[in-house]
Each structure stands twice: as C-alpha cells, then as structure tokens.
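Undergrad: What follows is each chain in one-letter form.
Protein chains: 2
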Amino acid sequence: MAGDKARVLIVGTGGVGTMAAYALEIGGKATVTAVMRSNYDAVKEKGITIDSIEHGHDIKGYRPTEIRKTVPDVVKEGIEPYDFILVTTKNVADVPPTVSDLIEPAVTPGKTAIVLSQNGLNIEKPVVARFPNNPIISSVSTIGATEKEKGFIIHDDTDEQKIGPFSNPGVSAEVAEAAARRYIDIYNPNGKLTTLYEPDVLKTRWRKLVYNASFNSVATVLRMDATRMRATQHVVDDLLKPIMSEIIAAAKACGVDLDTNLPEIVVFNDPLEAWFYPSMAQDILKGNFIEAEVIVGEPLREGESRGVSMPTLRVIYGLLKAEQVKTKEKKGLWKPEFGPGHPYKGE
Amino acid sequence: MAGDKARVLIVGTGGVGTMAAYALEIGGKATVTAVMRSNYDAVKEKGITIDSIEHGHDIKGYRPTEIRKTVPDVVKEGIEPYDFILVTTKNVADVPPTVSDLIEPAVTPGKTAIVLSQNGLNIEKPVVARFPNNPIISSVSTIGATEKEKGFIIHDDTDEQKIGPFSNPGVSAEVAEAAARRYIDIYNPNGKLTTLYEPDVLKTRWRKLVYNASFNSVATVLRMDATRMRATQHVVDDLLKPIMSEIIAAAKACGVDLDTNLPEIVVFNDPLEAWFYPSMAQDILKGNFIEAEVIVGEPLREGESRGVSMPTLRVIYGLLKAEQVKTKEKKGLWKPEFGPGHPYKGE
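Protein sequences, first through last, are from chains B and A. Anchor point for the first sequence: position 20 equals 20 in the UniProt record's numbering, and the numbering is continuous, going up by one each time. Anchor point for the second sequence: position 12 equals 12 in the UniProt record's numbering, and the numbering is continuous, going up by one each time.
No lab work stands behind these hints: they were computed from the structure. Nothing here was measured: the structure is a model prediction, and the numbers come from that model. Please note that the accuracy of each hint is not assured.
Given that identical chains are not distinguished, each listed pair holds provided it fits within a single copy or across any two copies.
Calculated cross-link-like contacts (lysine-lysine; reagent style DSBU-like; alpha-carbon spacing at most 35 Å) [stated by the list, open to error]:
(1) 29 to 331
(2) 29 to 125
(3) 326 to 60
(4) 44 to 150
(5) 60 to 328
(6) 5 to 241
(7) 326 to 69
(8) 326 to 5
(9) 90 to 286
(10) 76 to 208
(11) 111 to 331
(12) 76 to 335
(13) 241 to 125
(14) 90 to 241
(15) 252 to 148
(16) 203 to 44
(17) 90 to 76
Can you make the complete structure from the sequences, with help from the hints?
TA: Structure, rendered in structure tokens:
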C-alpha cells in the first residue's frame, strides 16, 4: 500500500531532479510529487523521455506519480506530510526567493527531512534557521544529467552521491543519521547506484569547492571551456591553482584537512579534451543567475574571517558579483543609479 | 620652401593620428606622410571629413601631404629622412610586430625623433634598445577623437598632451629636450591647443595608469561601461579602488609619488552618466588585441619585482592574458594543445 512508501516532493526538475524522481520510483519505496515549471505541459502531455547509462537508453513516457506547477501548501491543501523534500534547484542565495522561502509551504515542522542536492558551502544555514526541528540532508552529486529539451533527459555520467546529515542543533544526531540512511535506502534500494553514506558533510563540500570555486568561477568570468582553460598557462598558474590553494587553506582554517597536492590533480582531473563549460559558465551563457555566493562568497568569508589570505578568490568574487548585477539588469531587477554625492547606490 | 618644414611620418591614423596630422599641417611647420591601411582607399578618393571642437565642425576633403599603404623604407626608397615619426597605434607588446619592427624601415639612426603617443609603461624600452641614438618622445594624450567610419573623424574632447623626452642613455638630455620642444612647436605653433612640455614622463605615465589599469582592464574583463562600473559597489570597492591603490604603491616603489587619495577622486572623475566603454573594452568588443602588457603587465612586474603586493592586478592580468589567448584563437594564431604528460602547451 502507498502508506509504506516514503512521500517525496522534488523541487527542481532539471536533469538531476528528474533522474532522482525516476530512481526513487523504480526503487519501489517512494512516491514522487514533482514540481515542474517550464516543462510541466510537455511532461503532462507525453511524459518524460530518458536516455540513461544506468537505467536504460530508451525510457519513454515516464511520469512521476504526481506533477504540479507550484510547491504544495500542505496545511492549506490538507495534504499528507512529505517525508522528504529533495531540492535540486540552483542555489542563488543573493536573489529571492531563498530555498527556505520556496519550500516552506511544503515542510511539516519536525517531520519532513529536507535533502539539499546543491553545490556550495553553508547552504544549510538559512534552512536550519527556518526549520530548526527538521533533518537537513546533504547530497553531493557528480551525476551527469542534462535536460536537452523539455521532458527529454540525457543521463550520461553515473549517479554518484555522498549523502549525510548537515549539523542541525535541533535534531539529534541519531534522527539526522537515520533520515539520511533512509533516504539512501529509498533512492537506491538495490545498490545499483553509488549512494554513499558520508558522515563528514563539511569535508565533502570543501573538497568539491576545490573544483567548483576555481573552474566554475574562472570559466564564468572568461566564458572559456575547461579544456581551453587547461591549455592556457596563465589560467592554470595565475588563476586555477592559486584559487584551489586558497580554498584548501580556508578549509584547513575551518578544521577540514584536504590534500595540499589537490591543485596538481584537480587541474587535469577531467579528460583533457572534454571541451565542456563548467555548470556556472553554462548558467551565465544561458543568461541565468549564478551560484556566486555559495560557491565563492561563503568559502571566502569563512577563510578571510579566520585570517586566511585569499586574494585570488576575492577578485573573482568581485567579478562574479558584477556579473550577477549584469544579469539582474537584463531581468529588470537593477539599474545603474547614484545616491546623493554620487556614491553608487547598487550592489 | 618645403625644406623649412619638419618631415613627419604618422603610423596609426585612427582618430588620434588623424587629428595630429591635421594639427601639424595647418600649423604650417610640418609636412605629414600618413600610413593608412583600412582607410587608405576612402581617404584617397574623397579626403578626410572632420568634426572637431577645436578646429571646426565642417572640415571636408583634408588630405595629408602624402598618404601611403606601408611604412616607407627610407634607405631603399631613397627618401629624405623623417624628422619625426609619430606612432599612435595600439601597443600590443605580446603580439608581433612590435612598434620597433613596424617603424624600423623609416627610422634614420641618430636623426629621426620617435614620438610614442601610446598608453602604458615601459613602452620606450624596446624602442631605445633598437634605436639607441634616436630621441624618443612621450606624448600622454587625453584627446577624444574617434574614427566613426573610414575617413570620418569626430574630435569631441580637447587635444591635451603632456610631451617630454623618455630617458635614453644614447641621447644627451639637451638633444632629447630640444626634440620634444620642437615637436610641441610644430604641433601647436599658435598655442591654440594644450601641448605641455612635461619633464617627468614617468610620473605622467604612472598617473594615467591609475585610471587605465583599473577602469580599462576591469571594463574589459566584465564588458561593462564606466557608468555601470561606478554604480556597482563590488566593482568600485573590490576591484577599481584596490587596483588604483596597488598602482600607487608600485609607483612609489619606483620613486614616483602619487597622491594616495587618487582612488577616491579617479573613481568619480568622469561625468557619472557618461556610459562609455574605456578604450581597452572597446578593443575587445571589436575583437581586437588589448594592450594588456603595457597597461597591466609592466606596472605589475615593476611593482612585484620591488616587493609590492599587487594581488588584485595580478588576477586581472591573468584574466586579460586569457582574453588575449581567446582573441589569438579567433584570429587563427593559437589553438588548445597539450604537451607530453599533458601540461598546457600555450600562453
């Protein structure tokens, strides 16, 4: 009966969210409600087509148990509480609505576990503050999954996730761990995918920042793909490696020990001639907001507040903030204005 | 008779070079040979149209005494030596040909004075090395003059130049000063324009870098105009002002004292709502090479070699070098390649 199954709400149904919906439902231990925006009509009409290296190349007509255009209001709508809310949206902390604003109507206090499958640092802090008695779970994913067109997903790199509880003072360690382990169980009941329980969420996130804060942000400023970045001495020596070392130093100041040889490894981590744009660069090329705060701003603040010198990332941060201002202007959310005595009156 | 007049060759006939040709010839003390490339045919056919705030708004059919498509070879062509060569091209030190390569056939050793009307630092060094017995003259210009279309110049900001001799060990101070003063005399015989003799060339150049190294380079990386940059707090506080302070510190280490309050002044120096792109940003928007070495690379090396910390400019330099690589690739001069063991094999 449905009552045995975990009720999962997924907010953010691009490639990652859709593959999560599919994994959760074929596992047989969850029912999924997916909040769809731009792709709602396409999926309503003909379902989702998936070409997946792990689930099959010819999946057609998949429909989550329920699809909706808006985040449900469980109280007003009298909906049974969700066990999990999986959030796979971009985390653009400096542009409303926040993740907490977005999911709030669907969260049952003290009950719903909130899974943040998003990049960056300190993403749980405002969520913990808003929902102090709910388990907050971290998923650090390296899946490759892209929505090529509305309702058509290419899943071309394996679904690997490190999943564990964020620290939340209002939730006991046992409850937090149990929620994370239950999520792993319903996501991957047959062990077909690579969903690892990861107790050290913070380390996992700093480790991923070694790549994201460097490759993503420099690619964004330069509109340059990863292969060309690697092929350019000034990019590698003056930008990528210094940023990686600054992230490692900041992590260390926060009590997280990363291998100091990581820059040498991470620069040439991907296939040399992969030619892809890191995701933040894809965002800016599409005219979307970028995750500058959680990928660059937060590690910068964590490091600098502990006395770590981070001169490279500091400059990159300023540039990314300016890029965000340009995007705001394009979306009609900013215009150049000056206050009295002409100081800037802006971001 | 023509023999009384100074023979001037002008290399680089955009807005600045064309207005120089006009000023030199209407002054009556010089004859100009102009080397024209893209605009040769248009000027040959109908002359140059000029709309000038200082010389008149309706100048039509101006033709320099001689126009040519190539730099003359004075020896091979048996041409009378030039008294002056005025160079107003962009100084792209990292992409051949160099200024010295370009003008060499037209230089008569020990005779021709070379006037560099270009931005940046250390631009005279390779020229002095190549022509050790020729006076090298610095012009730091704030003229506003733009070639709107081939053979049509808008001159909309006054022709103000600070002119003085670069240090050149092979030329006596008297000869160097005399050459600079003669150039001022033939350029502005009636005192109508603002051509000041400036003995302290180095200070003038560092002073101009306070603006150019900051506004030009950040505008280039961000593709953002000066007004929007001023209206954005992160651009002003995290990028422009730190770069200006680094330039002032580097200048000081080189023995040049600039006002440490300059950042406050220079940020809001232009009319707030001027909306223009600084010239380097215009270059990159047009797909041209940028003067990254003389505007950013040289002051950075001068400062850092003297122990000055210049973390902001260091990052901006890395980004500008990457922009230069992108332009090289577009022009077919670079492609991403990797050496054995996959280190980059590039710039």
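Undergrad: Each of the hints needs a verdict: does it hold here or not?
TA: Hint-by-hint comparison with the structure:
1. 29 to 331: Intra 41 Å, inter 57 Å, cutoff 35 Å: neither.
2. 29 to 125: within (29 Å within a copy, 74 Å between copies)
3. 326 to 60: neither (39 Å within a copy, 41 Å between copies)
4. 44 to 150: within (11 Å within a copy, 58 Å between copies)
5. 60 to 328: Result: close neither inside a copy nor across copies, 38 Å intra and 45 Å inter.
6. 5 to 241: Neither: 47 Å inside a chain and 58 Å across chains, both beyond 35 Å.
7. 326 to 69: within (29 Å within a copy, 42 Å between copies)
8. 326 to 5: Answer is neither: 45 Å inside a copy and 53 Å across each miss the 35 Å cutoff.
9. 90 to 286: both (13 Å within a copy, 34 Å between copies)
10. 76 to 208: neither (39 Å within a copy, 64 Å between copies)
11. 111 to 331: neither (37 Å within a copy, 60 Å between copies)
12. 76 to 335: Neither. Shortest intra-copy (38 Å) and inter-copy (59 Å) distances fail the 35 Å Cα cut-off.
13. 241 to 125: both (29 Å within a copy, 32 Å between copies)
14. 90 to 241: both (26 Å within a copy, 32 Å between copies)
15. 252 to 148: Close neither inside one copy (39 Å) nor across copies (55 Å); limit 35 Å.
16. 203 to 44: For residue 203 and residue 44, the Cα distance exceeds 35 Å both inside one copy (40 Å) and across copies (69 Å).
17. 90 to 76: within (27 Å within a copy, 67 Å between copies)
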